[in-house]
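**Q** Sequence:
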Amino acid sequence: MKKYLPLIVLILLAVMPLAGLAGLLSSYILHMIILVIMWSVVGMAWNLLAGYCGQVSFGHAAFFGVGAYTAGILHSHLNLSPWWGIPASIVVVGLFSLLLGLIVLRLRGPFFALATLAMGEVMRISSENLDWLTGGNLGITLQRTWVDKTNYYYIILAIAVAAFLVVKYLMRSKIGYYFVAIREDQDAAESLGINTTLYKTIALCISGALTGVAGAFYTNYMGYIEPSVVFALHDISIVAIMTVMVGGVATFFGPFVGAIIMVLLAEVVRSIPYLGAAHLTFFGILLILIIIFLPNGIVGDFQKIKRIFGAGGAGK
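Each residue of the sequence shown is one higher than the last, beginning at 65 in the numbering used here.
I should point out that these hints are in silico values taken from the structure, not numbers from a laboratory.
Just so you know, not all the hints are guaranteed correct.
Heads up, simulated DMTMM-like pairs for lysine to aspartate or glutamate below, C-alpha to C-alpha not over 25 Å straight-line [unchecked claim]:
1) LYS67 <-> ASP365
2) LYS213 <-> ASP195
3) LYS232 <-> GLU248
4) LYS238 <-> GLU248
5) LYS213 <-> ASP299
6) LYS238 <-> GLU254
7) LYS213 <-> GLU331
8) LYS368 <-> GLU248
9) LYS232 <-> ASP365
10) LYS232 <-> ASP249
11) LYS238 <-> ASP251
Using the sequences and the hints given, assemble the complete structure.
**A** See the structure below:
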């Protein structure tokens, strides 16, 4: 059964919009599912770099924002369809990640994390001041291609499936073993002849490109972007980290499970009157509890959860 679980989940996701056509699925719920899938893509990207390769990033908002503005600038300055931003972001954000890697991959541990955090802030401030290119704080507005959300759903689902297959292929290849070796002990990996700088750069570029694709989709789906949204530390970088931490670090399905929890939790808290941005407080409390009781996330510690609730452990 476990062998066919991904296929079963994919089939269910593929037919889900049919429930909307039948009147069983509201536009709001479909919107929530689209956000869950989009965040699972960002989570998979962060998980590849930090979970598997051990390079913890606090700056994935930089990749997301560059991808988002790639689509927006193609439309506003070159009069092209913003959907060209999705393939273009792979190239643009990949090159941006490569240039960033030349700087930050010289650092390790908390120094690398702080350098990526700083880069996210640099990109936000730069985009606010480059009015002629990004529109500054006014942002970029574009006409959404469809009113109905079904087509957006299938596009982000296809992106998520592609991202999942890329990550799974990499982690089952020789490159994936190199990533894990670097995560466990970079010095030992270097002593074995692994070019750690090369493979960390590969992880960074692929992770950045996947995040950029999600950003380009966000531009097309929302129809409006501004620096404080797409380069936001708390709403992009931190949520990307929490999506993986909650779902399960270095697991294939952890980002998807984490995205479900994070998106639903954010919406529930935001719907409560007078709480405002208190969802960030709830995120912090949730992260503390996860680190204390489920350090490997829900997917990574699923057997522990089953034992806690007595499922599968009552007969022992």
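**Q** The structure should be examined with respect to each hint, and the outcome stated for every one.
**A** Hint-by-hint comparison with the structure:
Distance restraint check for LYS67 and ASP365: the Cα-Cα separation of roughly 19 Å lies within the 25 Å cut-off, and the hinted pair is therefore satisfied. For the hint linking LYS213 to ASP195, the alpha-carbon distance of about 31 Å lies beyond 25 Å, and the restraint is violated. For the hint linking LYS232 to GLU248, the alpha-carbon distance of about 19 Å falls within 25 Å, and the restraint holds. Restraint check: the Cα-Cα separation between LYS238 and GLU248 comes to about 16 Å, which is no more than 25 Å; the hinted pair holds.
Between LYS213 and ASP299 the CA atoms are separated by roughly 23 Å; this keeps the pair inside 25 Å, and the hint holds. Between LYS238 and GLU254 the alpha-carbon distance is near 15 Å, which keeps this suggested pair within the 25 Å criterion. Proximity of LYS213 to GLU331 is assessed by CA-CA distance (about 19 Å); at most 25 Å being required, the pair is judged to hold. Simply put, LYS368 and GLU248 have alpha-carbon atoms about 24 Å apart, close enough for the 25 Å limit, and the pair holds.
Proposed proximity of LYS232 and ASP365 is supported: the alpha carbons are some 20 Å apart, at most 25 Å. The suggested pairing of LYS232 with ASP249 holds, with an alpha-carbon distance near 22 Å, which does not exceed 25 Å. For the given pair, LYS238 sits about 18 Å from ASP251 by alpha-carbon distance, which is consistent with the 25 Å threshold.
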